[in-house]
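Put chain B on the given structure of chain A with help from the hints.
Line by line, the protein sequences give chains A and B.
Heads up: the first sequence begins at 7 in the working numbering, then just goes up one per residue.
Heads up: the second sequence begins at 119 in the working numbering, then just goes up one per residue.
These are calculated hints, taken from the structure and not from any lab test.
Restricting the straight-line Cα-Cα distance to at most 30 Å, the calculated cross-link-like pairs of lysine-lysine (DSSO-like) are: (1) B/Lys337 to B/Lys238; (2) B/Lys337 to B/Lys210; (3) B/Lys658 to B/Lys595; (4) B/Lys494 to A/Lys33; (5) B/Lys317 to B/Lys494; (6) A/Lys33 to B/Lys413.
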Amino acid sequence: MGLPTDDLEAFWEALAAATDAAGDRDKVFLAKLALLMADQIADRARIAELIEIAQADL
Amino acid sequence: MALGHSFYHDFPTYRFARPPELDGRRIRHSVVIVGAGPVGLTLAIGLARYGVSCAIIEPRGAVSFGSRATCTSRRSLEIWDRYGIAGPALAKGLAWTGGRSFFRDREVLRFAMPMDDDQKHPPMINLQQCYLEQYLVDAALAAPEIGLRWHSQVTALQAQPDGVRLRIATPEGEYDTEADFVVACDGARSFVRQELGLKLEGNSYEGRYLIADIRLRSKHPTERRAWFDPPSNPGSTVLMHRQPDDIWRVDYQLRDDEDAEAEQDEARVRARIGAHLAMIGEREDWELIWVSLYKAHCLTLPRYRHGHGRILFAGDAAHLVPIFGVRGLNSGIDDSGNLAWKLAAVLQGWGGDGLLDSYSHERVFAAHENIAQARKSTLFMTPPSAGFALMRHAALSLAVSQAFARPLINPRQTTAIVFPASPLSTPDEDSWSGGAPPGATLPTGPVMTVNGAHANVAHLLDLVRLQPAAIVFGPPKTIRTNGPLDVVSIGNGAEPANRADILDHRGRAAALLDGQPGSVYLVRPDGHVAARWKRFDAEKVAAAYRRMLAQ
Numbered sequence: 007m008g009l010p011t012d013d014l015e016a017f018w019e020a021l022a023a024a025t026d027a028a029g030d031r032d033k034v035f036l037a038k039l040a041l042l043m044a045d046q047i048a049d050r051a052r053i054a055e056l057i058e059i060a061q062a063d064l
Numbered sequence: 119m120a121l122g123h124s125f126y127h128d129f130p131t132y133r134f135a136r137p138p139e140l141d142g143r144r145i146r147h148s149v150v151i152v153g154a155g156p157v158g159l160t161l162a163i164g165l166a167r168y169g170v171s172c173a174i175i176e177p178r179g180a181v182s183f184g185s186r187a188t189c190t191s192r193r194s195l196e197i198w199d200r201y202g203i204a205g206p207a208l209a210k211g212l213a214w215t216g217g218r219s220f221f222r223d224r225e226v227l228r229f230a231m232p233m234d235d236d237q238k239h240p241p242m243i244n245l246q247q248c249y250l251e252q253y254l255v256d257a258a259l260a261a262p263e264i265g266l267r268w269h270s271q272v273t274a275l276q277a278q279p280d281g282v283r284l285r286i287a288t289p290e291g292e293y294d295t296e297a298d299f300v301v302a303c304d305g306a307r308s309f310v311r312q313e314l315g316l317k318l319e320g321n322s323y324e325g326r327y328l329i330a331d332i333r334l335r336s337k338h339p340t341e342r343r344a345w346f347d348p349p350s351n352p353g354s355t356v357l358m359h360r361q362p363d364d365i366w367r368v369d370y371q372l373r374d375d376e377d378a379e380a381e382q383d384e385a386r387v388r389a390r391i392g393a394h395l396a397m398i399g400e401r402e403d404w405e406l407i408w409v410s411l412y413k414a415h416c417l418t419l420p421r422y423r424h425g426h427g428r429i430l431f432a433g434d435a436a437h438l439v440p441i442f443g444v445r446g447l448n449s450g451i452d453d454s455g456n457l458a459w460k461l462a463a464v465l466q467g468w469g470g471d472g473l474l475d476s477y478s479h480e481r482v483f484a485a486h487e488n489i490a491q492a493r494k495s496t497l498f499m500t501p502p503s504a505g506f507a508l509m510r511h512a513a514l515s516l517a518v519s520q521a522f523a524r525p526l527i528n529p530r531q532t533t534a535i536v537f538p539a540s541p542l543s544t545p546d547e548d549s550w551s552g553g554a555p556p557g558a559t560l561p562t563g564p565v566m567t568v569n570g571a572h573a574n575v576a577h578l579l580d581l582v583r584l585q586p587a588a589i590v591f592g593p594p595k596t597i598r599t600n601g602p603l604d605v606v607s608i609g610n611g612a613e614p615a616n617r618a619d620i621l622d623h624r625g626r627a628a629a630l631l632d633g634q635p636g637s638v639y640l641v642r643p644d645g646h647v648a649a650r651w652k653r654f655d656a657e658k659v660a661a662a663y664r665r666m667l668a669q
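For reference, chain B alone in the conformation it holds in the complex:
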């Protein structure tokens, strides 16, 4: 329900632009992306960074409305940073690192997400999804490789061994087009998924949350607050997040005996939120801007590659994850970061077709991990039975005085997924006392880039850009590969001048990666470690490189 056009109406709307196919031109796209939500846009921008062009087919003519997926994770920021588009979101979004939970009027938990001097990005930012989408649309419009086709809807598609044919409806008629690959990023009610006769598998939960944006001037800092059974809304759970522009996100649970229709009535929403604001001492006038209803689903397709291997699924079209712990949109962005380089590698010939199978393998695994974590949060946030409700009550009541019970309340915010059995990884053969094992994402910490007489502070993360990277401790090495590879040497200052690209001036790289002279990490373009060795061996690195790219 969009109440506050006065606030969110500033976003641009886009007109239909007549594509060449409508005038009879036959076009074969490398990639057609169905859906210009954040997942499809991130994928398109990722592909464009590799020089791969695509068309995005989108029925709407503007970004979506309201805060929706308001919490953006560090992992998502890293992916956008690699594509050079994290800036606007970081500038506008509100960073936060922790929060508090209350049982009735007692504080029962303070939690903190990992944050220290090593980090380049905050663990989480709050930013209404409409802003996020607009920044991505702006970036997509600035990329000549991307054709953003608004007011266009896929009405049929047919996969063949050599590509996909699509029929697209527009305000000026229908046209046919072709693509080497189609990626379905068309959301929870994915047309592509239905057209292929595919079904999401898993569970849905009955518990409902009403979610709302309100405009409220408040001095309260940016943190996640949760109230269980608060005096203002007995029997309910209320969540609050600060967002930019004095907009607050309020989520509250509807009890099973409450009627969803009646509860979405504006006056009723105002009454419940008003009672809550009064309870927490907010005295200023406030305005209701947007209201929606939410139900938790734990669903995924069993595979994300279909249609002769030509149709791939990402984001909500592929999996639905409960809101609690903010794995919904963030897991979709992770899908796009995983798929962009793989599609580019396949289309440009530096990676094998197996990369696209690995996308399905890895991201289905990630969906199961995300669902397992989010399911635990869901059992706590919307207890599905009397037994779960009782045990939640017991845990909250104990947590007032007993520290051991507090982890039961922890909201389990999303963290980067580790792939313990990726087909692209080469297992460790050395014994390591730490660092990042194959399948994990590269940790980050401050290092210095050395360029002649100039030295600049950078991050370990920054050493991996769009190409695969070999991070070598000690002097530079030569590695022969059949494809792109950035070889980056990290020195500890003991080397002769200019013998290393990077100076580990605080020893953080060595500590975070358990690195010694001769150690080498082979890292994928999405930041996941593919292999590592204690001693450099060019042949072993080259073999792991071929495996990483399914060559």
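This is chain A alone, in the form it adopts within the complex:
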């Protein structure tokens, strides 16, 4: 499961570039992206899990 490593790397880079491009709007950009992805995942329990995973080891 999950993205192939190449694709994940490509996303990782693209997200870094887009976050930089957002400048001082970087937070809201990331929040928008999170909402869009939550809508695509369309699974309440799964997105709650993902929030929890992201909260660890910040």
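Quick look at chain B alone, frame taken from chain A:
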């Protein structure tokens, strides 16, 4: 802050009238209502319709000032309609069905509230609260059962198992009086609540809104408009509603770093509203009439029945709900509609004491429902933290192009509350594919009343007046009950002539209630369904009737 006496000063003021108790007469009232706001007045008028008399104790000598709770819901209109007092509000108020939200200068949401040919009333009307109160005062003064005691203040009360003793201060001295029941409708700072040592429970929010009435000639239609982070007031949220007489209601959020005192300064308010009006292209001169400050509270008493069961709480005295979604006054009117028939039934002996416990049970449940909905709106309208502010920004920004994000912005306007577990309801035993389950309010649609050769268009709603009602599909039935019951038969035209009270000429009653010949709905006097069956059984209806009235 009342700026515009030139506009709102037309309301009458009332003098103190010396009550008989001041001259030594001992009087025992059935009901004393503390507070002549819209909640207390609605309750008094409701009681009067049942022939129950009451005294209302009110410190002021006139209605309140300004628009305050300007949005009146369909449910409130239904309650007033049942008491025959919706007319003036409907005639003066401005009906509306939806609105729009903007993020900066982009439209991000259009919403519509339920409205179709079935409805008797609009989902919402805008009408300044002072008008509303005046119409209710007029109706109360016209009811011989109601004693409206202006310039009078409760200073002490003591509940006993058989009633309540009250001490009342007036310009001409103090007097004592007694009541079978006292209903505290004395608002957010309720004296009765404090006197009983009761505390509201829940949360308050720090976010503040400044609310203002302005006089402005504008051709813009009646709809709710909300601007988030508008260029005219960066970082703020602005709401606008048209009201009668070219008066507009403007609400705007104060940022956390803004000082409430300084922001209420007239010049400052003018500057901020002026910038907003310029932004939306309003060019006419305008006048500032009234300014107030608002903070969101999500608070309720855990129970609304106290003092040996003799003291009940309603409206803001019982619960405080955030302004967003207009559940404040409207939930108070719903309290009064729920309590009026129950108090009347208890006092007149056709209902048991348990009805008053059910009032507390149902309306505390309603307060929690209202608070849950209004809290969500509050988190959006006054984000309480950086995280909520960020996610609001994200939702608004996405909503410009993404439909899925728009429900996050929806203002969640109030709708009728359903009681899924009312002690007065008898649960369904049949399987239904629709209709109104026990605890829901009766839906409405057009039907025809048949009276000999005359037929008139009416509404399903109108079939339930002050008494409990059994709505039967098919020929009339006989139901034996120990108390009042209107039995109304609905025909589909296939019956022999004059065999039904109501003709379902468009099939709307059958569709809305999932009704077939033999189906029956038992409905409370406040329009909530108590029970329903697919097949008529007089014994079952009678048993549910006893439960509905706590007999």
